[in-house]
Amino acid sequence: MTEKSPLTVLDRPNSFIGKSVSRAGAKRLLEGRGTFVDDMTLPRMVHVAFCRSPFAHAKFGAINSEAAKAASGIISVVTGRELAEYCTPWVGVLTHLQGLKSAPQHAIALDKACWQGEAVVAVIAETRSQAEDAVELVEIDYQELPVVADMETALDDATPVIHSDLGDNLCFQREVDIGEVDKAFADAHCVVEETFNFGRHTGVCLETRAIIADYNPSEEHLTVYLSAQAPHMMKNLYAKHFGLNEDKVRVVCKDVGGSFGIKVHTYPDEMATGALSIMLKRPVKFNADRLESFVTDIHARDHRVKARMAVSKEGKFLAIDMDDLTGIGPYSVYPRTSGIEANQVINLTGGPYTIENYRANARVVFTNKNGMCQYRAVGHPIACAVGEGLVDAAARAMDMDPVELRRRNLIPDDAYPYTYATGLVYEQLSHHQCLDKLLEMMDYDGLRREQAEYRDKGIHRGIGFASMIEVTNPSPAFYGVGGAFISSQEGCTMRLDHTGGITCTVGVTEQGQGSDAVMAQVAATAVGVPMENIRIVSGDTDVVPYGGGTWASRAAGIGGEAALRAGKALRENLLEIAAIILQADAAALDIQDGAVVDADGGTERMPLSELGRIVYFRGDTLPKDVQPELVVTRHYVPKAFPFAFTNGVEAFYVEVDVDTGFVKLLKCWVVDDCGTIINPMLVDEQIRGGVVQGIGGALYEECLYDERGQYLNATMADYLTPMAMEMPDIEVGHVETPTKDSELGAKGVGEAGTTGAPAAIMNAINDAIQPFGKHVSDMPFTPERILKALGKV
Amino acid sequence: MKAAPFDFVRATALSDVFAAFERHGDDARIVAGGQSLMPMMNMRLAAPRVLVDINHIAELNGVSETDGTLRIGALTRHQELGVNALVAEHAPLLTMASTHIAHPAIRNRGTFGGSLSHADPAAELPACAIASDAVINAVSSSRGERSIKAVDFFLGTFHTALEPDEILVSVDIPIIGAAERVAFDELARRQGDYALVGLAAKGTIEGKTFKDLRLVFFSVADRPILATETIATLEGKDYSPDTVTVAEAALEVDLQDIDSDLHTSAATKTHLARVLVGRVLAELAGEGRQ
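Protein sequence lines correspond, in order, to chains A and B.
Heads up, the first sequence is in my numbering, so the first residue is 1 and it goes up one at a time.
Heads up, the second sequence is in my numbering, so the first residue is 1001 and it goes up one at a time.
Just so you know, the hints here were simulated from the structure itself, not pulled from any lab data.
Virtual Cβ for every residue (Gly too), placed ideally from N, Cα, C.
Just to be clear, a hint being listed does not mean it is correct.
To be verified - Ranges of calculated distance between the beta carbons of each label pair, as one might list FRET restraints:
1) A:Ser72 with B:Val1050: 17 to 23 angstroms
2) A:Gly243 with B:Pro1039: 55 to 61 angstroms
3) B:Ala1004 with A:Met441: 52 to 58 angstroms
4) A:Leu30 with B:Ala1004: 30 to 36 angstroms
5) B:Pro1005 with A:Lys240: 55 to 61 angstroms
6) B:Ala1004 with A:Leu42: 36 to 42 angstroms
7) A:Asp443 with B:His1159: 23 to 29 angstroms
8) A:Lys240 with B:Pro1039: 21 to 27 angstroms
Claimed, not checked - According to the in silico footprint, chain B covers these stretches of chain A (three or more CB under 8 angstroms from chain B):
9) 56 to 70
10) 319 to 333
11) 652 to 665
12) 741 to 752
13) 777 to 787
Given only the sequences and the hints, what does the whole structure look like? Please build it.
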């Protein structure tokens, strides 16, 4: 572990860093006093519902909306062509993903629907119910087209091309070939090979997507209330595609009921809502219902990976060779593109290990299904399951303990900075420390003994591990260099109010994950005031410093550092004025618990409220040449590394009923290293929530389509998410290796749990059924898939 | 997900229900707990013009025992089935099954009569009704009351022997005999989910010998399946591993038309039904879980 320098701002008296302080907004939300988009009603507001294509691929001609227009409460019925006057199409490409291509996408389809659920006509009414009633009255003349439903055949000559202008159904392809892969396989003592399938799934937000667009023609100004993660990114896109001056667009994100990456993309129905507000010159609300969410919220993880690994006689991993195929729907999602997930898969696989020879091919193809894009832990669970699945396959093949095999190959804790075969640069990771801690927490030897005892009784339990790395705190290398206006910096503006309270505006956004609480802890610590003196304002582009928002585990690490820098600067300004008022040396003063004190001894000299009173109301008592600045702004953007990699290890203990194929999760352990821990409770719950979403991918969640591209399970009864009864106890431990790229030293923690859980569960299941000489590698691991593997059906 | 427009009638007596039927015919639907109908309406899979709320008809409540028969009112909530002492004593199969029905919030609202008249083939209570030899009492204004044996009641998915002008008012269940035992098991992906396969069972067990078994599978076809071939095979047989094997073989006949569902093929369901029958027979025989 890296030594912390002894006297950082984190070590200040009354530091709130590392304390589980409660969240300022928790009581408000608990009492139902939150403000989600659907809680808001504006004067003259109307509602939009959409006619959505019932076909995965169809041309449509005549649209008869006479009956709909005559229905009760209807304001307007609008087609794609009519709306195109108000919203230009977009193309989801980034220049640094070379060769990535996509077709222009409109807010409402013009004459061809490319997935079941694509909006075809907008119906605007006084109420959502009336809009839905009229949707049923719109007659649309569809002509079905051949459907590209299977990604495996999407590139075949016989398969129709979805966008003829593109020439084929290939969105993106990337190959990497490092070292001497063929030689490594030729020299190998053992080669293991596996095909892994990952079910398409989605992030199921408690609050579905919601938007109110309010265009004021007198000012040519658009205000958008949005349930989203990246308000500044959306402000830019609204201006760009609605033809507005960006200075006249304001995006406000109030309370957000979960996002998980779902709410960081450009959705056609949301763009349509904005354009409709401009067209109709009045506020328009759209709130996706659960059915719409399943067919329009981005999906993720639909990958098939064929992979093999070469291992030496001593158990050293020599090489990985893999082929990844993913089908992303008919368009690359704007503006982050649908190439990032596959790119992550081939960047990250095997990442915890010292592997020098590496070959990977990723192909991203278009299909007539709902779009896929970035969802929590983008690509990580796939890369982790492929790598860790190969590790356990090698352990089985070589009859080695999976822990021992990992120990021999994990990058040594003293080998950093380290550059992985794929070019990823790790500042400082702690794989071995994490593994040691995990084994102690779970009593690995005892658990193995227990497993053996149960096995004697015909009860099949298994232990599975996953070592992992996660991309956090992304620099401009992620999106900015590719030409997208997606900021990697964050800012924080702090103001001392005359009461001694401090108002902080921050660019990162609160999604329910507690980022406001974390910002407040950092701010209170940096300035030296009690938590209750801090007020955080986030989510309003008219108010907050320019920033990227919340995604890729960046809020605490990047936003937190900006808050730290702002807090330090404000403290300096305050001490300067205090020194003048008190006729003291600023260096001999400090601010603690909301008061100016003697740095030595801590005797109170003046509360900040007194300083505020003097500055704001009795400026005449200060020297003529002194102008206090009690508002400061500071920014931070990571520069030293493209990403702040974190690391960790997860283990699952499971029981497989070999008669029914049912899997019971008995226990989960996670040790994670996210650098400086600001709020231990929030960090632990991020990990637990992440694990649960990983459990979903491993055992339950799958968006099912038939061969005609029809979505089959668009209800919460048929799309299975893990619930309280499916969650095991999840014990969380930590190793803290702060990043030196920031003074705060915090790295992200949002991806960790989700990254490792599917791999660890897969390995645990395979450990449980090892006596039968069988294993599974197709997620989710349904009872049927396990029974098939066992040869029982 | 907004229901199509509908009118709402609160009935406080059966006569109110019949009046609504008379006035609106097929456009009227009865709503009790609303745990199935309301979601279907919100998804516009059902669009009744008139909802007739029977929650305030007092005579549809209550559980009573008379002359060897337990009468359960149509409005009895699933939660009540789980805790009612008369049910536990005289129809323990229902007590066992109740905790498998969805989640507490749904059990607090959903009703016995609603579950039977909705006739979801994956639901627990229709299978329990058949296994318990229940008789379903229905009333219409023109023909009065009639009784329908549970085994004749379920005709298909969401389809029962009820006439459009009839309302299910109560269910009669013969109280369990001293030598009778019941068992219930289901395989559901998550706690509270509809089962991949479920089995409600009742029978007389003398020593280890099975007599008058009733084995009813659910979530396997368009209605609960009384496994007559398997039952006939087991009649008079002692519990043993061999008996289980014979029963598993007979199941192939009873479940030859087994349906697949979204997540599970017919072959897997058949396998799971075999596993369940082994477990349930063991439980009936007092052998416990293997």
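So, going through the hints one by one against the coordinates:
1. Checked against the hint of 17 to 23 angstroms, the C-beta distance between A:Ser72 and B:Val1050 comes to roughly 19 angstroms, which is consistent with it.
2. At roughly 42 angstroms, the beta carbons of A:Gly243 and B:Pro1039 sit outside the given window of 55 to 61 angstroms.
3. At about 55 angstroms, the beta-carbon gap between B:Ala1004 and A:Met441 stays in the expected band of 52 to 58 angstroms.
4. For A:Leu30 and B:Ala1004, the hinted distance range of 30 to 36 angstroms is satisfied, since their beta carbons lie about 35 angstroms from each other.
5. Take B:Pro1005 and A:Lys240: their Cβ atoms lie about 40 angstroms apart, and the range 55 to 61 angstroms is violated.
6. Checked against the hint of 36 to 42 angstroms, the C-beta distance between B:Ala1004 and A:Leu42 comes to roughly 27 angstroms, which is inconsistent with it.
7. The hinted window of 23 to 29 angstroms between A:Asp443 and B:His1159 is violated, with their beta carbons roughly 56 angstroms apart.
8. For the hinted restraint 21 to 27 angstroms between A:Lys240 and B:Pro1039, the CB-CB distance of approximately 40 angstroms leaves it violated.
9. With 0 residues having a beta carbon nearer than 8 angstroms to a beta carbon of chain B, the stretch 56 to 70 of chain A misses the requirement of three or more and the stated coverage is violated.
10. Chain B is given as covering the stretch 319 to 333 of chain A, and this is violated because 0 residues of the stretch bring a CB closer than 8 angstroms to a CB of that chain, at least three being needed.
11. Counting residues of the stretch 652 to 665 of chain A whose CB lies closer than 8 angstroms to any CB of chain B gives 4, so the stated coverage by that chain holds, three being the minimum.
12. Taking a C-beta to C-beta cut-off of 8 angstroms, the stretch 741 to 752 of chain A contributes 0 residues in contact with chain B, too few for the three needed, and the coverage statement is violated.
13. Using a Cβ-Cβ cut-off of 8 angstroms, 4 residues of the stretch 777 to 787 of chain A lie near chain B, which meets the minimum of three, so the contact claim holds.
The structure fails to meet hints 2, 5, 6, 7, 8, 9, 10, 12 from the earlier list, while all remaining hints are met.
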